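> Protein chains in written order, with our numbering: chain Z, 102 to 371; chain U, 1408 to 1740.
If you're looking for bench data, these hints aren't it; they were derived computationally from the structure. Given the structure is predicted, the values throughout are model-derived calculations rather than measurements. Glycine is no exception: its CB is placed at the ideal position from the N, C-alpha and C atoms. Fair warning: there could be bad hints in the mix.
[To be verified] Computed footprint of chain U on chain Z, listed as stretches where at least three residues anywhere in the stretch have a Cβ under 8 Å from a Cβ of chain U:
#, segment
1, 263-272
2, 280-287
[To be verified] Pulled a few chain Z residues facing chain U out of the computed Cβ check, cut under 10 Å:
#, residue
3, D260
4, T276
5, T277
Next come the chains, spelled out residue by residue.
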Amino acid sequence: MKPSAPVRLNAALAWVLLVFLVAPALVAIPVSLTPERFLSFPSGELSLRHYEKLFGSPEWMSSFWQSAVIGTASTALATAIGTLCAIGLWRVSSKAGEMVRAVLLLPLVIPPIIAAMAFYRLFVPLGLIDSYPGLILAHTVLSAPLVLITVSASLAGFDARLEQASRNLGASNWTTMRRVILPGIRPGVLAGAVFAFISSWDEIVVTLFLSKFTVYTLPRRMWNGIRENTDPTVAAAAVVLMAVTLAAFAIWVLAQRQGRSTHQETASER
Amino acid sequence: MTALGTSGTLHLKSLTKRYGAFTAVDNVDLQIQRGEFLTLLGPSGSGKTTILMMLAGFQDITSGDILLDGRSIVQTPAEKRNFGMVFQGYALFPHMSVRENIAYPLSVRKRPKAEIDARVGEMLELVRLTDFAHRLPNEMSGGQQQRVALARALCFAPPVLLLDEPLGALDKKLRVEVQAQLKDIHQRVGTTFVYVTHDQEEALSMSDRIVILQQGRIEQLGTPSDLYQRPRTAFAASFLGKSNFLHRDGATYALRPEKIDLSPAGKGSNANLVSGTVLSVTYFGSQLKYQIAVPGMEAVEVDVDAWRGGGTMAVGADVDLSWADAAAVRLDE
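Whole structure, please, built from the sequences with the hints as guidance.
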């Protein structure tokens, strides 16, 4: 059966919207392949010189690792905190708990620039400016709400009787969480971790306020690169940034699918 | 494996649960004997599940006490009570195999692996699921899942097993089969069973004693035949089986439909005799169910064994209803 006109129009609109959303990011790909020394579209000839420069530069590589370290550490912290919060609020499930949830979600609503100023004011006297712990802490605060949201969504579909059953069978709260609740909400935890990593990986506003010399993340170096000169290495860095983000996303999708297929395998075994 | 020095005698003392102004369980006193199969029977909202949840430790009590072998357990958290429980919908852990589910209560108690393996093997045999040990719960039928839940709840030899409408999700035919299995398992393990249901047939067929609950109070307590033969209130008479109600000399009597003799008009022979006309008749294979219009009474139900012959009375036919004195049970006000 041929799809009707409205259905096709709908699909066309969706594609236009998708291109509109994605195209600006994709522009970085051709620009990164220009043979020129300034930001431009390649005319005819393509070159990988900017990638060579990117991967050959100790500064860029250092920023790359710094972003990775900060991203990984803040993801681990945010996932742990966000998951525990979500489980706690789910178990309490009271009006007061919902107030607490609203407060915990505030970092998502507050404009990043205001959060940045707040962190700055707080971190100066604590000596956390321009340090790994400072940035990891800030990114953790910003990304924990994302985990809270995804894990809460998973918990909404989790049968509370499983928790009762576990306790009834003699398991402590801790054992119940480890052996019954966490396996049940794994997709939500994983999704939260991926989102947390991505949000730290390309975070710039707060990072601008909190970093100076010692800590210089990838987005930070790109920001400087584009402000101070028009070096196309920035475009190459942007492509790498996107690639890692997509990779994180792909890992998540694969993990989801794997979880489902091992399930089916055990099912088809007999 | 002994059950940690407890034998399984439960004593509920003036047990009460209030939610704000609403009283879910109202001053319930109940002694449950060791090894007894006791059923809490009542419609939804009668407080039966609330009582079970308080026994399990998932709900605080407002006042009163629960004693296990003479010791109060109301301060003991759910995970320390050592009561087995079969949940509505079974609550099997979906990511664990049947074996892992059944082993769970032993593995959280850190029992040695050899003991766990032996005990799980025993339980699998008890519920006849040995060949299904490696399956996941969602790969099994409802009846099989119900047996896994039972094995898991009995695996650590609890003194008391709580069952929350465990057959509710099964179809009718399977339910009858599982009732027999459940009763058989109860006799073999000797654990005290506290069984919650709204299904009178389940209650009648399995229980040693039944507690009929209504609006948080005990309506009547007794053995199945006690309750069926001698209901004390109109609620008990109509909730457990069916009853016709007669009003005589300022008192109300309950009369079971199968205890009424039906005969063509003028052929009735008993002290208690009324005349009426057939409103409807329905054939149920083993029985014929009649609705009879009797002047000055609500429509009277009469069950007649179909094999007794005598033919079916036609709708509109004039009939005599009669019964023995002992058949009509006088109810409390």
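> Does each hint hold? Answer for all of them.
Now for the hints, and whether the structure bears them out:
no.: 1; hint: 263-272; verdict: holds (count 9)
no.: 2; hint: 280-287; verdict: holds (count 4)
no.: 3; hint: D260; verdict: 7 Å, holds
no.: 4; hint: T276; verdict: 5 Å, holds
no.: 5; hint: T277; verdict: 8 Å, holds
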